Amino acid sequence: MSDYLVIVESPAKAKTIERYLGKKYKVKASMGHVRDLPKSQIGVDVEKNFEPKYITIRGKGNVLKELRTAAKKAKKVYLAADPDREGEAIAWHLAHSLDLDVHSDCRVVFNEITKDAIKESFKHPRAINMDLVDAQQARRILDRLVGYKISPILWKKVKKGLSAGRVQSVALRLIIDREKEINEFVPEEYWTIESSFLKGNREFEGSFYGMDGKKVELKTEEDVQNILKHLDGNNFTVQNVTKKERRRNPALPFTTSTLQQEAARKLNFRARKTMMIAQQLYEGIDLGADGTVGLITYMRTDSTRISETAETEAKEFIIEKYGEEYTATVKRAPKNNSNAQDAHEAIRPTSATREPNSLKEFLSRDQLRLYKLIWERFVASQMAQAILDTMSVDLNNNEVIFRATGSKVKFSGFMKVYVEGSDDQAEEKNKMLPDLENGDEIFSKDLEPAQHFTQPPPRYTEARLVKTLEELGIGRPSTYAPTLDTIQRRGYTALDNKRFVPTELGEIVLELVREFFPEIINVEFTVQMENSLDEVEDGNVQWVEILDDFYKDFAKRIEKAEVEMEKVEIKDEPAGEDCEECGHPMVFKMGRYGKFMACSNFPDCRNTKPIVKEIGVKCPNCENGNIVERKSKKRRIFYGCDQFPECDFLSWDKPIARACPKCESVLVEKKLKKGVQVQCMKCDYKEEPQS
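Our numbering numbers the first residue of the sequence shown as 502 and each following residue consecutively.
The hints are simulated quantities; they were obtained by calculation from the structure and are not laboratory data.
Just so we're clear, the structure is a prediction, and the values are computed from it rather than from any experiment.
Hints are not guaranteed to be accurate.
As the list claims (entries may be wrong) - Using 27 Å as the maximum straight-line C-alpha spacing, the simulated DSS-like pairs for lysine-lysine come out as follows: (1) Lys620 / Lys529; (2) Lys650 / Lys574; (3) Lys540 / Lys620; (4) Lys527 / Lys616; (5) Lys540 / Lys527; (6) Lys1132 / Lys1072; (7) Lys1132 / Lys657; (8) Lys549 / Lys1053; (9) Lys774 / Lys700; (10) Lys832 / Lys716; (11) Lys554 / Lys516; (12) Lys1119 / Lys1187; (13) Lys516 / Lys774; (14) Lys658 / Lys1114; (15) Lys774 / Lys1171; (16) Lys716 / Lys932; (17) Lys1072 / Lys1053; (18) Lys774 / Lys873; (19) Lys540 / Lys574; (20) Lys540 / Lys516; (21) Lys767 / Lys999; (22) Lys624 / Lys745; (23) Lys932 / Lys767; (24) Lys1110 / Lys1072; (25) Lys999 / Lys1061; (26) Lys700 / Lys554; (27) Lys861 / Lys774; (28) Lys767 / Lys1132; (29) Lys730 / Lys720; (30) Lys576 / Lys620; (31) Lys873 / Lys917; (32) Lys1163 / Lys1132; (33) Lys1096 / Lys1061.
Start from the sequences and build out the full structure, keeping to the hints where you can.
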């Protein structure tokens, strides 16, 4: 019989912790929450101070029975759920289900699953923090009131299966408002003049800057022609040579938000996937002879601070691996968002000495890629600044000024390990100009004017949307991934080229919410509500007060919406073709993944078809087919022949209407990390990548 019982959420975490604690401890998993509000009813008694009605979650009866049996045999029970609001609530529910005293020292928390951290945490058990429990409970009840009061109205007035959550509604509003900006955007014409310049046999690039020492904007072709008329031949004189040394700081360690953003940029991970893999790395991976080891610290955090122990270990590792000159000489203070709770450390490896390459045989491809990203970011954050030599010169021809800039790395510092990505894919220039001095004569060639038009703001990627929500103070680390998932599952948005596009259904729902529940999509109101809920966590406000203040006006709006909201009929659009099974007209219908084609004779005929998009390319495998864009079951775009199944042509890369000059096979656009490369499907022909 074990002396002590430890309860965690997952079996993987249980296996890791049991190995560290020894024979006297038995570690079991609750498999997450064991109690929750019922799904079939609202489960909150508004008249009795919002008293929640908790029930055992379906399927958890046997788990609870096993835990109760083990608890009765143990001298003491420790509750070791995750170190956040959700984990504290799980511990509280377990305490109630197992008849434990919530005020006893039954709660242990740790930010990382390592031997030292685990053993230290069991030296300092504490009582369950009821402020954290109340904060989680307040959020849960608030979201239940919003969801279970508004959703039934939307079901009656629009269609079944809809919802209008607190954070998801604001996220949807951001996406739709951005789409409106894009549609209303009026492009403005502008021109640039680029040129290659030669000094001796060295070639470099420069662009038009201005006239007579002043910056000039080129708005029309006439403006360009006026500049070109001023040029006197192809000889330019160098002036205003500026050489500087620039220092660049490394990025701070990851928070939940920045990890999701960087994983999207560099690894092409969705937010949900990032958090799932991070959870695996946190809970523990079997490293063979070393046993199961937690590889990263807790992955739900809004803080960039790290412990002194981790900082010291990283410094020693950097000195040994790269040399003393690569360690940071000045300690950088954590830089947290103004809304950050700072409850946990940043996301970092549990040991800087555990290099990614040493884990290749133990991790899956995606686990290794994410661990490598976290490891590199953390190690780089503790390294010295990078030093870059920069140079800028003005090139004068009859008072027409072109400007050329360049830079090169003088000392790589942290860049030896890691460089932060960018949503705009702006690359650090690493091309130095030739040695130029004032008065030098140089020669221009290939002078090229080019017409451009200003571009609308970009649609939100998952990374951009997470960043915006965090900057606005909406949601918290644990809510970003579920929010993005929900607005897609409900059919309110779709992803087009990895960017959010609102659906017709999403726009309808938002307009109804905007009219009858404006506070739900009001950014300032939502931020204030988040701050109020954080006040509950800090013990400054009673959770019932927060809910009562909200519900007074909300209840009136519900009553008004029940009476005044008009029923919306989403009409099916004719698809312009007949059903091949029964002959009735096909129509476009709205589904959870956007529009699709279905027979108008439903339910007698259940024929459905995806909407395919022609790309203007003939099939290379058959005479009659055209290539169309399709989507796989996992929503990944691929290209195939419209004569399928008679013709089985398939390509993940987009074919183009040009034959390979080498073998006359089909050419495709291969997406690279930055840009697109045209290449042949059969031979080794490739063209220069285009950004």
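Now the hints, each set against the structure:
no., hint, verdict
1, Lys620 / Lys529, "holds, 17 Å"
2, Lys650 / Lys574, "violated, 44 Å"
3, Lys540 / Lys620, "violated, 39 Å"
4, Lys527 / Lys616, "holds, 16 Å"
5, Lys540 / Lys527, "violated, 33 Å"
6, Lys1132 / Lys1072, "holds, 25 Å"
7, Lys1132 / Lys657, "violated, 32 Å"
8, Lys549 / Lys1053, "holds, 14 Å"
9, Lys774 / Lys700, "violated, 51 Å"
10, Lys832 / Lys716, "violated, 40 Å"
11, Lys554 / Lys516, "violated, 33 Å"
12, Lys1119 / Lys1187, "holds, 21 Å"
13, Lys516 / Lys774, "holds, 23 Å"
14, Lys658 / Lys1114, "violated, 32 Å"
15, Lys774 / Lys1171, "holds, 24 Å"
16, Lys716 / Lys932, "holds, 24 Å"
17, Lys1072 / Lys1053, "violated, 36 Å"
18, Lys774 / Lys873, "holds, 16 Å"
19, Lys540 / Lys574, "violated, 34 Å"
20, Lys540 / Lys516, "violated, 32 Å"
21, Lys767 / Lys999, "holds, 13 Å"
22, Lys624 / Lys745, "violated, 54 Å"
23, Lys932 / Lys767, "holds, 23 Å"
24, Lys1110 / Lys1072, "holds, 18 Å"
25, Lys999 / Lys1061, "violated, 38 Å"
26, Lys700 / Lys554, "violated, 80 Å"
27, Lys861 / Lys774, "holds, 20 Å"
28, Lys767 / Lys1132, "holds, 23 Å"
29, Lys730 / Lys720, "holds, 16 Å"
30, Lys576 / Lys620, "holds, 18 Å"
31, Lys873 / Lys917, "holds, 14 Å"
32, Lys1163 / Lys1132, "violated, 31 Å"
33, Lys1096 / Lys1061, "violated, 32 Å"
Hint compliance for this structure: hints 2, 3, 5, 7, 9, 10, 11, 14, 17, 19, 20, 22, 25, 26, 32, 33 are not met, and every other hint is.
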